[in-house]
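Undergrad: Now for the letters of each chain:
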Amino acid sequence: MLKEFRISGRLAAWDLQGGPLAPRPPAAPASSALAGTAGSFARTLGPPASPGPSPKRNCDPRLQQDMALKPSLPRKIVRAGPGNCVHPISPIWGNTAVISPQDPTLLIGSSLQATCSVHGDPPGATAEGLYWTLNGHRLPPELSRMLNASTLALALANLNGSRQQSGDNLVCHARDGSILAGSCLYVGLPPEKPFNISCWSKNMKDLTCRWTPGARGETFLHTNYSLKYKLRWYGQDNTCEEYHTVGPHSCHIPKDLALFTPYEIWVEATNRLGSARSDVLTLDILDVVTTDPPPEVHVSRVGGLEDQLSVRWVSPPALKDFLFQAKYQIRYRVEDSVDWKVVDDVSNQTSCRLAGLKPGTVYFVQVRCNPFGIYGSKKAGIWSEWSHPTAASTPRSERPGPGGGACEPRGGEPSSGPVRRELKQFLGWLKKHAYCSNLSFRLYDQWRAWMQKSHKTRNQDEGILSSGRRGAARGKGGPGGWAGRETRAPPGGRRPRALHPQP
Amino acid sequence: MSRREGSLEDPQADSSISPLPHLESKIQQTHSLARLLTKYAEQLLQEYVQHQGDPFGLPGFSPPRLPVADLSAPAPGHAGLPVPERLRLDEAALAALPPLLDVVRRRQAELNPRALRLLRRLEDAARQARALGAAVEAVLAALGAETRGPRPEPAAIAAATVTAGVFPAKVLGLRVCGLYREWVSRTEADLGQLAPGGPA
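Line order of the protein sequences matches chains A and B.
Heads up: the first sequence begins at 1 in UniProt numbering, then just goes up one per residue.
Heads up: the second sequence begins at 1 in UniProt numbering, then just goes up one per residue.
Don't read these hints as lab results, they were simulated from the structure.
Treat the numbers as computed from the prediction; the structure is a model and nothing was measured.
C-beta atoms are modelled at their ideal positions from N, C-alpha and C, and glycine is treated no differently.
One or more of the hints may lead you astray.
Across the chosen pairs, the derived CB separations fall in these ranges [said to hold, decoys possible]:
hint: 1; chain 1: A; residue 1: E385; chain 2: B; residue 2: Q50; range: 31 to 37 Å
hint: 2; chain 1: A; residue 1: K379; chain 2: B; residue 2: D124; range: 44 to 50 Å
hint: 3; chain 1: B; residue 1: Q46; chain 2: A; residue 2: S100; range: 29 to 35 Å
hint: 4; chain 1: B; residue 1: G192; chain 2: A; residue 2: E242; range: 28 to 34 Å
hint: 5; chain 1: A; residue 1: H244; chain 2: B; residue 2: Q50; range: 18 to 24 Å
hint: 6; chain 1: B; residue 1: S25; chain 2: A; residue 2: S198; range: 56 to 62 Å
hint: 7; chain 1: A; residue 1: T239; chain 2: B; residue 2: R114; range: 16 to 22 Å
hint: 8; chain 1: A; residue 1: T270; chain 2: B; residue 2: A141; range: 48 to 54 Å
hint: 9; chain 1: B; residue 1: Y40; chain 2: A; residue 2: V246; range: 28 to 34 Å
Computed footprint of chain A on chain B; a stretch qualifies when at least three of its residues, placed anywhere within it, have a C-beta under 8 Å from a C-beta of chain A [as the list claims (entries may be wrong)]:
hint: 10; region: 52-66
hint: 11; region: 112-121
hint: 12; region: 166-176
Using the sequences and the accompanying hints, generate a full structural model.
TA: In structure tokens:
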């Protein structure tokens with residue numbers, strides 16, 4: 001049995017048994033006249049044919065319009081034919097009721113008055129026994145009241161934010177629980193002003209920006225963020241198109257960026273309840289350049305020196321064509337520690353020697369680069385990410401003793417007694433053996449090697465272990481310096497990326 | 001196989017049918033594809049209801065099974081039809097599904113723009129329905145059975161915009177995903193009748 005039901009001025013037909021409409025004989029393909037006319041349609045019906053997919057129907061826009069303008073057409077069964085329209089995927093809601101308002105947008109904490117009106121089809125249908133659910137939960141009856149015989153009202157106060165971005169499901173049910181109508185509520189907050197925009201350019205070829213959405217964060221509504229940019233002195237607004245590249249609130253501009261001229265960058269946030277715009281960030285691409293981490297980081301032993309490791313890397317190749325002076329930073333830590341020690345201000349060199357390490361210990365080392373001075377800019381760039389950790393171990397020592405200081409850790413370890421003592425010894429030795437005033441690392445290595453050898457000899461003679469001696473390596477530049485050059489490794493020594501103690 | 005409908009040994013079969021092993025292989029592959037897509041269709045349905053919010057997905061949730069133009073669920077008498085006729089209906093349904101899934105995907109892109117996995121599954125489902133439909137059509141052709149008539153004009157269906165309320169749109173999407181699962185599952189069962197080792 002097929003009936004028509006009136007829904008907001010539309011006509012629809014729905015099999016009350018809930019089964020599929022009987023398929024009809026194949027018809028000519030539907031025309032495109034249904035585009036944009038979803039607000040009015042008619043369903044066509046025909047005699048049962050073989051089971052299976054329903055055939056397509058023709059569509060006469062004149063009839064469609066006629067049906068839309070005459071919502072009071074008497075009930076009839078419209079048969080299939082060239083004069084009838086069917087929406088291919090029409091929003092058919094063959095129910096007997098309608099909820100008002102449909103899909104409202106509300107502020108958190110506000111109230112909502114809604115109604116569910118039955119149409120009186122079949123005759124005698126009333127609002128008696130109807131009830132509401134919200135997101136599947138039945139609402140207390142005291143929130144509802146019958147306005148009249150055919151309308152059930154609902155009053156909700158102090159609404160919470162929507163549970164899902166597709167909207168909270170408010171449903172009107174018949175006494176038997178069947179669904180009569182539904183409406184989706186959008187409860188949330190307007191967006192706050194995005195802030196904390198930061199941008200960087202990888203190798204001067206692109207621009208990536210990140211921002212914070214707003215102090216309050218969650219709006220409970222889908223909020224669209226749009227990164228805009230323009231040249232400061234001229235040009236039109238452009239919109240970034242590649243979002244979520246480095247997190248949920250980020251965007252990547254891949255190309256066509258000008259250098260030596262400032263850009264203005266801002267973020268616009270929009271949702272159903274309003275919009276907000278961030279402050280404008282002005283920058284020159286050259287001032288926010290970063291690069292990939294230095295590649296090919298190798299860490300290896302320095303011969304048999306048990307407290308040193310040699311670190312080498314390659315300058316980022318993407319910057320090789322640009323005039324710049326790179327700064328590097330190195331950080332390292334003992335394998336089972338979370339505390340990194342940082343060697344700062346590693347100037348434009350691609351090697352470093354870490355000294356004062358613990359013997360027989362595995363160290364993880366990372367390097368990063370700051371491409372400052374691009375095209376003569378005096379501003380520092382942006383530090384790259386750290387390179388992947390590279391591990392190596394120092395040779396084991398026969399002497400006990402605590403691991404000492406490192407190669408100029410950040411924050412500096414206080415000068416210790418043993419360090420001064422060692423330095424004094426070194427200077428004394430230097431006076432005796434060196435005839436030039438220039439301190440060279442080579443000489444220092446030679447001295448260290450001599451010291452170790454003489455210790456071993458003494459131990460063999462005396463059968464005792466000497467006390468540990470560690471000293472911070474003092475390179476050029478005095479305090480804060482570092483051993484920045486490698487010496488020639490002993491035969492059979494160094495191999496790139498040494499990870500295990502050498503035999 | 002000789003006792004099955006649609007058998008290659010059917011004297012009414014076209015003499016230009018592919019050699020038996022090749023056809024059996026094609027049927028088996030298509031059957032395997034249908035089985036895989038049945039699993040994907042179930043996952044799509046689960047993903048879909050999750051993003052619409054309760055009561056979608058709650059046990060006992062039973063909105064009206066709204067009919068969708070050009071496509072209805074497999075009829076109760078479907079299983080009693082000859083296998084080629086069943087496959088013909090399967091193929092017609094699979095051809096009707098992709099534009100419907102596309103409409104659902106576009107609507108969900110507005111309602112759930114961050115549900116990337118759901119949107120991807122809907123896009124994949126449309127593609128997979130086309131592939132399975134084409135495979136079933138190939139099996140029918142190999143069996144010498146007639147396939148269905150002209151396909152619908154995709155532009156006509158795709159051009160129709162939906163300005164319905166959000167809740168009816170959610171229900172309609174549920175209906176389409178449900179139909180997709182039903183028809184893929186139905187296709188798997190029908191092909192199982194033909195696959196080697198299937199019921200006689």
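Undergrad: Each hint should be assessed against the structure and marked as holding or not.
TA: We went through each hint and held it up to the structure:
1. As the Cβ distance of E385 (chain A) to Q50 (chain B) is approximately 35 Å, the hint placing it in 31 to 37 Å holds.
2. At about 48 Å, the beta-carbon gap between K379 (chain A) and D124 (chain B) stays in the expected band of 44 to 50 Å.
3. Between Q46 (chain B) and S100 (chain A) the C-beta distance comes to about 32 Å, which sits within the given range of 29 to 35 Å.
4. Hint check: G192 (chain B) to E242 (chain A), Cβ distance near 46 Å, so the stated range 28 to 34 Å is violated.
5. At roughly 21 Å, the beta carbons of H244 (chain A) and Q50 (chain B) sit within the given window of 18 to 24 Å.
6. One distance hint, 56 to 62 Å for the beta-carbon pair S25 (chain B) and S198 (chain A), holds here, with the actual separation near 58 Å.
7. For T239 (chain A) and R114 (chain B), the hinted distance range of 16 to 22 Å is satisfied, since their beta carbons lie about 19 Å from each other.
8. For T270 (chain A) and A141 (chain B), the hinted distance range of 48 to 54 Å is satisfied, since their beta carbons lie about 52 Å from each other.
9. For the pair Y40 (chain B) and V246 (chain A), the supplied restraint of 28 to 34 Å holds, since their beta-carbon distance comes to about 31 Å.
10. For the region 52-66 of chain B, the stated coverage by chain A holds: 12 residues have a C-beta nearer than 8 Å to a C-beta of that chain, and at least 3 were required.
11. Closer than 8 Å: that is the beta-carbon criterion, and the region 112-121 of chain B has 3 residues meeting it against chain A, so the requirement of 3 holds.
12. Under a criterion of three residues with beta carbons nearer than 8 Å to beta carbons of chain A, the stated coverage of the region 166-176 of chain B is upheld, 8 such residues being counted.
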